[in-house]
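Number of protein chains: 2
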Amino acid sequence: MTEYFIGIDGGGTSCRAALADGNGTVLGRGKSGASNILTDPDNALKHIAEAASLAFEAAGLRPRLSSASATLGLAGNNVGDAVSYVTARLPFRQADIVSDGVIALQGAIGDQDGAIGIVGTGTIYIIRHNGKLRSIAGWGFQVSDLGSGARIGQLALQESLLAYDGIHPMTGLSEAILAGFGNDPEAVVDFARLAKPGDFGRHTPKVFDFARQGDAAAIRILKTGAAGIDEALDAVNGITGGKGRLCLLGGLAALYPEYIAERHRKRLSEPLADALTGAVALAVKAYGARLEVRA
Amino acid sequence: MTEYFIGIDGGGTSCRAALADGNGTVLGRGKSGASNILTDPDNALKHIAEAASLAFEAAGLRPRLSSASATLGLAGNNVGDAVSYVTARLPFRQADIVSDGVIALQGAIGDQDGAIGIVGTGTIYIIRHNGKLRSIAGWGFQVSDLGSGARIGQLALQESLLAYDGIHPMTGLSEAILAGFGNDPEAVVDFARLAKPGDFGRHTPKVFDFARQGDAAAIRILKTGAAGIDEALDAVNGITGGKGRLCLLGGLAALYPEYIAERHRKRLSEPLADALTGAVALAVKAYGARLEVRA
Chain A
1 MTEYFIGIDG GGTSCRAALA DGNGTVLGRG KSGASNILTD PDNALKHIAE AASLAFEAAG
61 LRPRLSSASA TLGLAGNNVG DAVSYVTARL PFRQADIVSD GVIALQGAIG DQDGAIGIVG
121 TGTIYIIRHN GKLRSIAGWG FQVSDLGSGA RIGQLALQES LLAYDGIHPM TGLSEAILAG
181 FGNDPEAVVD FARLAKPGDF GRHTPKVFDF ARQGDAAAIR ILKTGAAGID EALDAVNGIT
241 GGKGRLCLLG GLAALYPEYI AERHRKRLSE PLADALTGAV ALAVKAYGAR LEVRA
Chain B
1 MTEYFIGIDG GGTSCRAALA DGNGTVLGRG KSGASNILTD PDNALKHIAE AASLAFEAAG
61 LRPRLSSASA TLGLAGNNVG DAVSYVTARL PFRQADIVSD GVIALQGAIG DQDGAIGIVG
121 TGTIYIIRHN GKLRSIAGWG FQVSDLGSGA RIGQLALQES LLAYDGIHPM TGLSEAILAG
181 FGNDPEAVVD FARLAKPGDF GRHTPKVFDF ARQGDAAAIR ILKTGAAGID EALDAVNGIT
241 GGKGRLCLLG GLAALYPEYI AERHRKRLSE PLADALTGAV ALAVKAYGAR LEVRA
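Chains as they are written, first to last, in our numbering: chain A, 1 to 295; chain B, 1 to 295.
A hint or two may mislead.
Pairs count within a copy or across copies, as identical chains cannot be separated in the list.
[Unchecked claim] Mimicking DSBU-like on lysine-lysine, the simulated pairs with C-alpha atoms at most 30 Å apart in a straight line are:
1) Lys206 with Lys196
2) Lys206 with Lys46
3) Lys46 with Lys285
4) Lys31 with Lys285
5) Lys46 with Lys243
6) Lys266 with Lys132
7) Lys243 with Lys223
8) Lys243 with Lys285
9) Lys46 with Lys223
10) Lys31 with Lys46
11) Lys223 with Lys196
12) Lys266 with Lys223
Keep in mind that the hints were calculated from the coordinates and are not lab data.
From just these sequences and the hints, can you work out the full model?
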């Protein structure tokens, strides 16, 4: 009987699955809804099974989840209770849950040493050195994740208030942000008081847009963010010795390179594959090898 | 019958009252508990009356609150509902509620033009120019109040995580902060996620302490904070034309001068009087003058 391997890339908005054979050849893919194991573990379980079943169907196979071995890359993997709850209820023969960063690293750099920086709403750097994994940053926007979408958006709101008060010159960026709040600084403050990372992050594309048009405040904010990323990449290089692939991933990955230091920019390369491909490769590595040993 | 005037300086931890005659001569003072009109207006009312009664007693007088005219400087004065509720229930003959900043300004610079910067858990600058009041900053630590105790404490926590990750060098400050959280970065993050301004601010004295000992991270954080204060004072000077008294008040006022720019440091002077004295002076100005006109 053929052994099947499932990779899952799950997050707050969608869940993607890939089905592979023992050689790691992807046979089919499937996609379903949100799979946030922290906020809604039962729905996450439903969508994980659904995406996996769709991957079987896309491969022209009748879904047999209980015969498949899976590696799931899920945000919230570091919260023990949620992981225990979900792991105990997964429909697969055997499965492990790793972080979304670990499958992204595997996809981006394959089996070699190297590092990725995921620059999206948050920022986290994941390094494989001498085969061992390590992450830095990624602690959240309140006290970490410099250069992240959340931090850039927050700096943009701050900038609009500095301009409102005449502490900084008013620029197009600040005008646009204030206009978005009815030119009422109190509305900016009320928003910021309760804003989640994604709420701040929604203001970040504006910063890149205005920076492209030469807006001094937007450029200064992005330079501040890029300096935070440069420092973190220096620390990454301190671990890797500057060896192996270095990839930026995440929503801001394509926007940042022109702002970061030349020493890092020239080291960047495109990811080899996506996180879903990384997940299925990890499933084959984890369970394919073990099955061989048993056989 | 002698007209009496009451000044109130009320906040989250205590309520102070001063009683003056029509010449503004302070006859007695009193102190009672918290008077936060937002979180507990009834208790605030109780403590306002209590402090005022004690001021009468300290002057050797039987309390006659209903005969006195009062100016109350209270935090939360910008929240209309709370002000209406409290104003309608005050025990005085007539009274007005102004911000704690306005009585501080009156106390610090008297009747002349000038400005104050209140640098405590938050930061706000209040300016009197050609007799008109204006404030800048003071929007809260999420998107304003650069250099405030809350921001400095937040930067110190951030610094400890940057050091933990090897992004910045580990210094005594970061070591001390991490040790305070059991050397568990997750504990720092959990704290920061829910921290109120005062929670962050409690880490700020450590930053000044370590900076005095030459700690590079602490000095960098204070330079960042001082740069925010310098920029705001530049904006203040833009309004005042650099004329009139300029006073720093608040919990960090005595600590900051050595870090701020020379152009501002040389302009600083000691406040003429405290906020309570400012409140009673405003009461005499507001109601003493009016009574004279009527007489």
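Consistency of the hints with the structure:
no.	hint	in the structure
1	Lys206 with Lys196	both (18 Å within a copy, 29 Å between copies)
2	Lys206 with Lys46	neither (36 Å within a copy, 49 Å between copies)
3	Lys46 with Lys285	within (25 Å within a copy, 70 Å between copies)
4	Lys31 with Lys285	within (23 Å within a copy, 72 Å between copies)
5	Lys46 with Lys243	neither (41 Å within a copy, 68 Å between copies)
6	Lys266 with Lys132	within (25 Å within a copy, 56 Å between copies)
7	Lys243 with Lys223	within (26 Å within a copy, 35 Å between copies)
8	Lys243 with Lys285	within (23 Å within a copy, 73 Å between copies)
9	Lys46 with Lys223	neither (43 Å within a copy, 52 Å between copies)
10	Lys31 with Lys46	within (12 Å within a copy, 62 Å between copies)
11	Lys223 with Lys196	both (23 Å within a copy, 29 Å between copies)
12	Lys266 with Lys223	within (18 Å within a copy, 32 Å between copies)
Of the hints listed earlier, those the structure fails to meet are numbers 2, 5, 9, in rising order.
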